[in-house]
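Engineer: So you can see what is in the structure, the chains are spelled out below.
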Amino acid sequence: MIDFVRALGDRSLDRLSSLGRASIMWATALWGLPRLSELPLVIRQIYNVGVLSLIIIILSAFSIGAVIALQFYTQLARFGAEDAVGLGLALVLLRELGPVVTGLLFAGRAGSAVTAEIGLMKTTEQLSSMEMMGVDPLRRIVAPRLWAGVISMPLLTAVFNVVAIYGGMVVAVEWLGSDAGSFWSGMQDTVELWNDVGKGMVKSVIFAVVVTWIAVFQGYDMEPTPEGIGLATTRTVVTSSVMILAMDFILTLSMYGEFR
Amino acid sequence: MRMRTVEISVGAFVLAGALALIFLAVKVSGVNLAQGSDSYVVQARFDDVAGLRLRAKVSMAGVTVGRVAGIEVDMVYGEALVSLEIHGEPGNLSLDTGAQILTEGILGARYVSLLPGADEETLADGDFIEETQGALVLENLVGDLITRLGSS
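In order, the protein sequence lines correspond to chains A and B. Heads up: the first sequence begins at 1 in the numbering used here, then just goes up one per residue. Heads up: the second sequence begins at 1001 in the numbering used here, then just goes up one per residue.
Treat the hints as calculated values from the structure; they're not laboratory data. All C-beta atoms in this analysis are idealised placements derived from N, C-alpha and C, irrespective of residue type, glycine included. Do not rely on the hints blindly, as some may be mistaken.
Below, in silico cross-link-like pairs of lysine-lysine (DSS-like), each with a Cα-Cα straight-line distance of 27 Å or less [unchecked claim]: (1) A:K199 to B:K1057; (2) B:K1027 to A:K199; (3) B:K1027 to B:K1057.
Over the 10 Å line for every Cβ pair with chain B, so calculated as not near, a few chain A residues [to be verified]: (4) G9; (5) S17; (6) G50; (7) E125; (8) V150; (9) A158; (10) V159; (11) G228; (12) R235; (13) I250; (14) S254.
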């Protein structure tokens, strides 16, 4: 019994101290960046996490948009309300699926890569040699990745939404023969700039902060062994996915309240 | 990979993201960038606007000519005060234009329909539409019917 309580206390302290280390890392990294000379590092990382994620984002966006349009169309057609496909699609994408699915894909594609990369640097003691040379790895390695993630993900979300709406349009209008005019005008009448587009973007910025933070921290804080890298990569994907889904519910609740 | 290629692709990526955002704003949420210059607002009082929402369309003869810009309640008279944003310059609506709230489609989206008037003079920015007919509320109609059936 005592052993159980002791183990529980040990775990809690462990979690708490890793949360503390993560916060310290986050604060130091953010404090360190605003310097123009470090811009190339950030650009390099935007390429790694943003540009390289573009293909998977576009492919998934198209199929998700298409499948949502298909489902909406077949269900709404039973009530003769096929015209509502456009607005249903746009609202679902802008408010929920855009930020969430982009966040999940981003965690899987970019987050895991960042963790593995930083983890390998730590295992091969590149981080400690940087410290020896008087270069702060938080500034040189961690900060550019954090910033790149926070810049890339809202852009990826916007691209995702556009491609998904296009995919939905291809299915609903071109294939199933819904009217193009009512598809777009139904959307434009209902979707509001701040309430739907803006709040979706706010969500995606929050998810970006969470995912990159988790990814970078898992890499930075892992055990410097080959198994450690594997464990840390898995933890990045699992933790960020769960965090995204849980936070999405809380954010939706606070943003849209009783479904205004 | 060479830094130059990286920079170009990052630039293209940021540009694509920005274009996507503009597309979402203009095409999806229907923000009209040039709207401020060529539209004006007329107002109308309705006894009931049940279900009319902001940004609902204002149409004349079935063609969209504007949007609902504001819905407020006048507590003194118990009426709804609706601001209608009409595209174009003031002067395209006759002074005795009428307005009524109708229902569109199966989902019951309410919209404002304008009925053309015959007066030579026209509505200016901020004027009130006098002839209005509010939304038909099904419960009220059923209530009327029951009283009428009961009295006959």
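Engineer: Hint by hint, say whether it matches the structure.
Structural biologist: Against the structure, the hints:
no. : hint               : result
1   : A:K199 to B:K1057  : 24 Å, holds
2   : B:K1027 to A:K199  : 17 Å, holds
3   : B:K1027 to B:K1057 : 16 Å, holds
4   : G9                 : 46 Å, holds
5   : S17                : 37 Å, holds
6   : G50                : 5 Å, violated
7   : E125               : 26 Å, holds
8   : V150               : 13 Å, holds
9   : A158               : 4 Å, violated
10  : V159               : 5 Å, violated
11  : G228               : 29 Å, holds
12  : R235               : 28 Å, holds
13  : I250               : 24 Å, holds
14  : S254               : 21 Å, holds
In this structure, the earlier hints numbered 6, 9 and 10 are contradicted, and the remaining ones agree with it.
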